[in-house]
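A.B. asks: The task is simple: from the sequences and hints, build the whole structure.
If you read the protein sequences in the order shown, they are chains E and X.
First residue of the first sequence: 1, per the numbering used here; consecutive thereafter.
First residue of the second sequence: 1001, per the numbering used here; consecutive thereafter.
Errors might be hidden in some of the hints.
Said to hold, decoys possible - If you only want the chain X side, here are some residues facing chain E, beta carbon under 10 Å, derived: (1) Tyr1053; (2) Val1145; (3) Gly1166; (4) Ser1195; (5) Ser1205; (6) Ile1207; (7) His1209; (8) Arg1213; (9) Glu1283.
For the record, the hints were derived by calculation from the structure and aren't laboratory data.
For each residue, glycine too, the CB sits at the ideal point set by N, CA and C.
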Amino acid sequence: MGAPKKSGGGGGGRVSVTEDSDELVRVPLQAILLADSFNTKFRPITLECPKVLLPLVNVPMINYTLTWLESAGVEDVFVFCCAHSKQVIDYLDKSGWLSQPNFSVTTIESHNSVSAGDALRLIYERNVIHGDFILISGDTVSNMSLTQALAEHKERKKKDSNAVMTMVIKRSKTNPAIHQSRLGTDELFMAINPDTKQLLYYEERTDLSKGIMHLDKSFLADNPSLTLHHDKQDCYIDICSPEVLSLFTDNFDYQHLRRHFVKGLLVDDIMGYKIFVHEIHSNYASRIDNFRSYDTVSRDIIHRWTYPMVPDVMNYGNTATKLERQGMYRASEISQSQSAVIGPFTVLGFGTKIGNNTIISDSVIGKGCKIGSNVQIKGCYIWDHVTIEDGCKLNHAIVCNEVTLKSGAVLEPGVILSFKVVVGPEFVVPPYSYVSLLQQPVEEDSDEELEYADSTSVITSKVDKSDEEDASEVPEARISSVSELGMGGVGYIWQKCEGSQEEEWRHSVAPIPADKISEAMKTMEDDLELTHDGSILPPSGELIPDSNDSDEDNEDSRDDFFEREVEATFLRAVNENIQEDHLILEVNSLKLSCNKLTADCAGAVFYAMMKYAVDTPHSSLDGLMQNVNDVLSKWKKALTSYLTDIDEQIEIILKFEEICLESAREFAPLFTKILLHLYKEDIIEEDAILSWEDEKRDADEADKVFVNKAQEFIQWLKVAEEEDE
Amino acid sequence: MFLTLGSLLVLMKELTNPYRPIAGLQYLSGNISGSNARCIAMLQAFQDAIRDYRVPPEKTFVRDLTAKISSYVSFLIECRPLCISMGNAIKFLKTRIAKLPLTLSESESKASLHSDIERFINEKIILADKVIVKHAVTKIRDGDVLLTYGLSSAVEMILLHAHKLGKQFRVIIVDSRPQLRGKILLRRLVEKGLSCTYTQINALSYIMHEVTRVFLGASSVLSNGTVYSGVGTACVAMIAHSFRVPVLVCCEAYKFSERVQLDSICSNELGDPEVISKVLGREDVNYLDGWANTENLQLLNLIYDATPSDYISMIVTDYGMVPPTSVPVIVREYRREQLWI
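C.D. replies: This is the structure in structure tokens:
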């Protein structure tokens, strides 16, 4: 614990220097490695062993991550341990990571963090991070070079201090039929600005209701170009600025890195923090999130996509492994029967014994395993010191340390056997079942692992001690499980909870069943057909409501827009005392941009005037009349410039009618008066009024309310006309 | 070797037929490659040309059409030298024109030529491939590791058909720069679910240990049994021979030639030297930039090479599976028949 304090103390000074001159003082590249997944996807195994220590092709996962960090030029790594922290720290100590020259690994222990958010808040409190850092979890396998991504991040940071994070993404290999990533993760939808590489949208979802995503309109307005991706995979390697940590502290409700933090930043536009992506093409980077990705990444390692992180180069504590033809890796001291067939892409660990006529293909076998005769193993991950007796059949299963399979036992695809389980003879473990010595915890809570951390370590140690003498706990388990795992079997088969039943094929080590593929194929075809029918619109989110409606609505909304704009222009003219000529000019340009007629302009300007008159404070109808008079006399020119024709004048009367009926009923009693005023001011000529009346003659009674009101005035006009003659 | 745009435009003006330059341009850009594809494209272009052909006054149909075809062929040669299969096809067409009865009217002659070309494409290329696939599949057994080089349409069909029959085998695709056409084959096979290994020709001697059979395509088989094929084929065949791995060459009989060639230098096609000075996807490898200005340096990009018959175990053709020594027999016996189609 001395190390972090020291660097923390020294760091205080260093930070102030770096703020002054970024270039002058070189801050060692730091990394935060979360040695806890904060989820339960690797249960039941993670009840007894931390996820980062699970062997991946016979090497504990954390070695891949640490080796990569070291090779990528990171000098300072903080390993955050939570669940089973003791085991992680012991392992790091034993394996020599803690005493590497030029590569300092410091552990930070916590027992009350339940999420990545908590972890980062704790690290912030420790004040150990002084510059840009890599945020990574301890289950990541990569061989990418960070140089370019870091340079890009720094460059962006210099230009825009809000660019706080760079995410590494990679094109994912998916099965086109089922749109399912090889990693068994959720569907990932992203929107990226192709020029700046800014991440604009990030959504993960489990359901396969593909095709429809909802984007905010402002994305399209703000970004001249935008690419939507469904083919990218998040590598969970983030280059972060120190601000990220303080952001976590400020937002105490951020728990999950992606669901809360990334989405939070993307939604929040007040602070304006930005996230960018860096896409890698030829390098490898992938995170082991569930059993399926465990399977996929193991295969990738065996197929050497992760070079130099391959079994024959990386051997931590293992004896040297030799690569033979067709992806066969063999450690030393293997005793193998002449008649055994070891297929391609198989890894055999140190000191393993294989009996007669056994067939092994596409599998990883750990140290000191004893495999009997006539055993068939396909696509399995068998860890250390496992005993498999004669005639067993294993198909796409994970078998943890010290498991015993009695003769003739069968593991169906997707089975997970946790530590020290014993499967009875001739027993068939049903597909996708999880078997553990520990009872299934009752509550489903993500911080469960923590609580179990202490109790399980006790249990395992007890089991160690009491291997021979059978302490109180173990026989209990044995008695109760005779029925569950056959004669002499030890362990509990976990019950599946409701939701997982459907999802199990997605996350399992077993390959996707053929019927699921054909099912998905079918739904996709159905979807395609629907699209051809036109009943499902292309994935465009916001566009759907618009395009579902008819054209008229569009027309209406444009009308509204024009009127609002004219009104706003008019109000500005009034408030800022803009000259009439300029107002006319602006309205004219609006007219052109919205493709409107002069009549529309007249109507809109008149509407704006009336609106203004109403909105100006007034006490009575007289006051309102006075307002109208003021406005009309002041802005008469603006209005008359559009009233070149009788049609426009009629338009104004119609508009006025509309105002009285709808928006400002206060005008209704004043209708005749204002009409008279308009006539007197020479805004409206008598011809217009007469033809308006003419137009209304055949209309409904309801429409004629105002014509009737103005009847007196019209009569007077008519009389005056006759008199003139 | 390659035309400049200017001379091409002149040519296009000279050629009254609008269809002709298209096939030529496609050869030039490499859009159509592979001798079967090139041959079919050429024959179809000829079909169009004959359909649109009008006999000028004062000229006879047969004489003038032959001259016309010759001018088209010389245009094609200017775009890219003909491969032997195309030469054979042209020879066939010219014979058919010469053999046209004088009594036929113009439209009847055209119809007859049209159906002749159609039949040539169907029988000599498409059906022949089917027969080759049928023969070759019998040589693939469960557990085989098959090696192929580059991209050959016949080999591709054989592998896919064997996979469809449910045979359990593995494919090793060997490829070489600059064309890397093996990648096309790799993509197609992987999509169909075959288990593939892809490697470059420099790893050949390592990978040959595992191989049980080598399948190769050919541009032509000469009458001394020499296989004339994409550059690198000879190397693959020789290494396979030294490892005692049988080498099967798949070649339609219409590609057989009466020519005899002992090495690949005396007659070959020269590719663009620029492409071998560059490495795809590696801009940093630029040691040969500006090589054209270096006086004592010349780059040689050969397209074909010749594999001596000693290294060939068997030639799979539409007349059956024959040893390379039997090629002259097929050429002698069937050539006559082919001319009479």
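A.B. asks: Now tell me, hint by hint, if it's right for this structure.
C.D. replies: Verification of the supplied hints:
1. Taking 10 Å as the C-beta cut-off, the interface hint given for Tyr1053 of chain X is violated, the closest approach to chain E being about 43 Å.
2. With a least beta-carbon distance of about 9 Å to chain E, the hint placing Val1145 of chain X at the interface is held under the 10 Å criterion.
3. Annotation: interface hint on Gly1166 of chain X violated; nearest CB of chain E at approximately 16 Å, more than 10 Å.
4. Because the beta carbon of Ser1195 of chain X sits about 9 Å from the nearest beta carbon in chain E, less than 10 Å, this interface hint is met.
5. With a least beta-carbon distance of about 13 Å to chain E, the hint placing Ser1205 of chain X at the interface is violated under the 10 Å criterion.
6. Interface hint status for Ile1207 of chain X: upheld, as the beta-carbon distance to the closest one in chain E is roughly 9 Å, under 10 Å.
7. Taking 10 Å as the C-beta contact cut-off toward chain E, the hint placing His1209 of chain X at the interface holds, the least distance being around 7 Å.
8. Evaluation of the Arg1213 of chain X hint against chain E yields a violated restraint, the C-beta minimum of about 17 Å exceeding 10 Å.
9. Residue-level restraint check for Glu1283 of chain X is violated (minimum Cβ-Cβ distance to chain E is 13 Å; threshold 10 Å).
The structure shown violates the earlier hints numbered 1, 3, 5, 8 and 9.
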